[in-house]
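Throw the hints in and build the complete structure from the sequences for me.
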Amino acid sequence: MTELHELTAIQALGRMRSGELSPVTYHDALLSRIEAREPTIKAWVSMDRDGAREAAKVAKHAYADGSAGPLCGIPVGIKDLILTEHLPTSGNFAPLKDFNPGYDATCIARLREAGAIILGKVETTQFAGRDPTRTHNPWNLERTASGSSSGSAVAVADRMVPISLGTQTGGSVIRPAGYMGVVGFTPTFGRISRYGLLPRSYSFDMIGVMGRSVADAALFAAAMTGPDPHDRATLKRSPFKLPETVVSRSPRLLLFEEFFDVSSDDVTKHVTEAVDRLTAAGAKVRRARLPVPLDLLISMHTVILITEASSTQASQLAKHREAYAPGLLSQLDIGSAIPATAYVHTQRLRHRIRLQFEDLLKGVDGFILPSTSEVAPDRSTIGPRLCQTPWTILGWPVFTIPAGLGDEDLPIGLQLVGAPFKETKLIGVADWIERQFDPMPSPNAF
Amino acid sequence: MSPDEVATKLRHTLVAKLGEKRVEELASEIEATAKQLAMVLSEPVELNDEDPDFMRPLV
Chain A
1 MTELHELTAI QALGRMRSGE LSPVTYHDAL LSRIEAREPT IKAWVSMDRD
51 GAREAAKVAK HAYADGSAGP LCGIPVGIKD LILTEHLPTS GNFAPLKDFN
101 PGYDATCIAR LREAGAIILG KVETTQFAGR DPTRTHNPWN LERTASGSSS
151 GSAVAVADRM VPISLGTQTG GSVIRPAGYM GVVGFTPTFG RISRYGLLPR
201 SYSFDMIGVM GRSVADAALF AAAMTGPDPH DRATLKRSPF KLPETVVSRS
251 PRLLLFEEFF DVSSDDVTKH VTEAVDRLTA AGAKVRRARL PVPLDLLISM
301 HTVILITEAS STQASQLAKH REAYAPGLLS QLDIGSAIPA TAYVHTQRLR
351 HRIRLQFEDL LKGVDGFILP STSEVAPDRS TIGPRLCQTP WTILGWPVFT
401 IPAGLGDEDL PIGLQLVGAP FKETKLIGVA DWIERQFDPM PSPNAF
Chain B
1 MSPDEVATKL RHTLVAKLGE KRVEELASEI EATAKQLAMV LSEPVELNDE
51 DPDFMRPLV
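One line per chain: the protein sequences are A and B, in this order. With our numbering, the residue at position 59 of the first sequence is 59, and numbering never jumps. With our numbering, the residue at position 43 of the second sequence is 43, and numbering never jumps.
Source of the hints: derived by calculation from the structure; they are not laboratory data. Some hints could be false.
To be verified - Simulated crosslink set (DMTMM-like; lysine to aspartate or glutamate; CA at most 20 Å straight-line): (1) LYS9(B) <-> GLU25(B); (2) LYS241(A) <-> GLU113(A); (3) LYS422(A) <-> GLU244(A); (4) LYS17(B) <-> GLU31(B); (5) LYS269(A) <-> GLU408(A); (6) LYS17(B) <-> ASP295(A); (7) LYS236(A) <-> GLU31(B); (8) LYS9(B) <-> GLU20(B); (9) LYS35(B) <-> GLU244(A); (10) LYS57(A) <-> GLU20(A); (11) LYS57(A) <-> GLU142(A); (12) LYS21(B) <-> GLU113(A); (13) LYS97(A) <-> GLU322(A); (14) LYS236(A) <-> ASP51(B); (15) LYS35(B) <-> GLU25(B).
As the list claims (entries may be wrong) - Negatives, chain A to chain B, calculated, CB over 10 Å: (16) GLU35; (17) ASP295; (18) THR346; (19) VAL364; (20) LYS425.
Each residue gets a CB set at the ideal place from its N, CA and C atoms; glycine is no exception.
Here it is, written out as structure tokens:
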């Protein structure tokens, strides 16, 4: 019999709806799992133990009286960069260790409304920067837990919670999810309100979901979408729909060759094999080159990111310079010297490049490439952003889908990029891809 | 502008803001950022590429 912590969110929801599983029993099983693993893994910053158990009791009654929402009784881990009413949000920044404005971010309020239980806050690198956290990788304790959403990825991979929220400003959902062998999903910029997210970069920051299946990640992302008057980027978009049926048609995909040029042999070999498997299953995969050099995309990301981050952090930096991690501080210092004209030029260029990529979408269902350019490296780094950053520049929806283990028994992911605001189609393609691979085993570092 | 010229401008601004010592600490990162900034600035954006709402393109 499957242990309760091994259930995906949708499996747990099914058992709770049928009365086979009590939300309280499920909550207690996950807490036991966390208690057993957390002393080594260190994924959590804080937990709302009393509040979560009380919410599980409410969920039990909701199932009994027929009022249960679509996510009722599922405990979720929240990156410690997103405001939650009952727990502080520090952004891994010591001066903010007790920071709590006393309200939920819009995405959190929507999860609660749908019945999800906010179990606690999980580790983030400082303000989603590049300095690694204390969290350990459950696949190999000597390898990085990545970032910035390190706790989010590890908590899901290590079966502590079925779902977590992360954020992506460069590659901070896709990279850690890829390294940990879980699904990561970031919908189009403007789909999920950022109100209540401590900002790093206004024009890049996006909220994403990690889970152990495409369907899980899509279900929770869909629940958070829709207009929010507090975030104007969301105003014109209604929530996307989940696919009603399984996609039967084999997808047409474009594979960008440049990402193999920057990937390790291990990743290149296994992703090539994964693509061959998709082709054998009927996918039409065409190879192509990026419309602009990868170096240019990475450079654009740097210019915009460090300029915006330098602005968003200016007030804290003036008061608490000594509290900043060294990698982030360097970026903030240099970002403060970028000329305004250079920043605006880069944003204009970004628009032109987005049009060039749109042309490549004609006749295909999405782009595929490795999720990361290597398996999880050592703990001194969160890992490179080469494979993720181009799509953050575009603001398009992205999945990472686990594609097995590489030569070092570490996870390797396939990344799927879709057209803006076409999530319903993308979820169908992601689901098709997921079905071509065996389920990922549990991490086994200890 | 060449990467060296961009680096000189960045250093000049940063010395005024943060002092010589900090700029020395940041030397390699300033150089790397200057290369990236020079690459971006060398890429032309023509007026006929323009979108008046380029700052909020996906909204």
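Right, here's what the structure says about each hint:
1. The suggested pairing of LYS9(B) with GLU25(B) holds, with an alpha-carbon distance near 17 Å, which does not exceed 20 Å.
2. About 18 Å separates the Cα atoms of LYS241(A) and GLU113(A), which keeps this hinted pair within 20 Å; it holds.
3. In summary, the hint linking LYS422(A) to GLU244(A) is supported, as the alpha carbons are separated by about 15 Å, within the 20 Å threshold.
4. Taking the CA atoms of LYS17(B) and GLU31(B), the gap is near 17 Å; set against the 20 Å cutoff, the hint holds.
5. Restraint check: the Cα-Cα separation between LYS269(A) and GLU408(A) comes to about 13 Å, which is no more than 20 Å; the hinted pair holds.
6. Distance restraint check for LYS17(B) and ASP295(A): the Cα-Cα separation of roughly 29 Å exceeds the 20 Å cut-off, and the hinted pair is therefore not satisfied.
7. Only pairs whose Cα atoms come within 20 Å are accepted, and LYS236(A) paired with GLU31(B) is rejected, the gap being roughly 42 Å.
8. At roughly 14 Å between alpha-carbon atoms, LYS9(B) and GLU20(B) fall within 20 Å of each other, so this suggested pair holds.
9. Simply put, LYS35(B) and GLU244(A) have alpha-carbon atoms about 48 Å apart, too far for the 20 Å limit, and the pair is violated.
10. Between LYS57(A) and GLU20(A) the CA atoms are separated by roughly 15 Å; this keeps the pair inside 20 Å, and the hint holds.
11. Among the hinted pairs, LYS57(A) with GLU142(A) is inconsistent with the structure: their alpha-carbon atoms are about 39 Å apart, more than 20 Å.
12. Among the hinted pairs, LYS21(B) with GLU113(A) is inconsistent with the structure: their alpha-carbon atoms are about 52 Å apart, more than 20 Å.
13. Among the hinted pairs, LYS97(A) with GLU322(A) is consistent with the structure: their alpha-carbon atoms are about 15 Å apart, no more than 20 Å.
14. Of the supplied pair hints, the one linking LYS236(A) and ASP51(B) holds, its CA atoms being roughly 19 Å apart against a limit of 20 Å.
15. For the hint pairing LYS35(B) with GLU25(B), the CA-to-CA distance comes to about 18 Å; that is within 20 Å, so the pair holds.
16. Distance check for GLU35(A) against chain B: the nearest CB is about 42 Å away, which clears 10 Å, and the non-interface claim stands.
17. Taking the minimum C-beta to C-beta distance to chain B, about 7 Å, the non-interface status of ASP295(A) is violated against the 10 Å cut.
18. With a minimum CB-CB distance of about 5 Å to chain B, THR346(A) fails to clear the 10 Å threshold, and the non-interface call is violated.
19. With a least beta-carbon separation of about 20 Å from chain B, VAL364(A) lies farther than 10 Å from that chain, consistent with its non-interface assignment.
20. Against chain B, the non-interface label of LYS425(A) holds: every CB pair exceeds 10 Å, the least being about 17 Å.
The structure is inconsistent with the numbered hints 6, 7, 9, 11, 12, 17, 18, although it conforms to all the rest.
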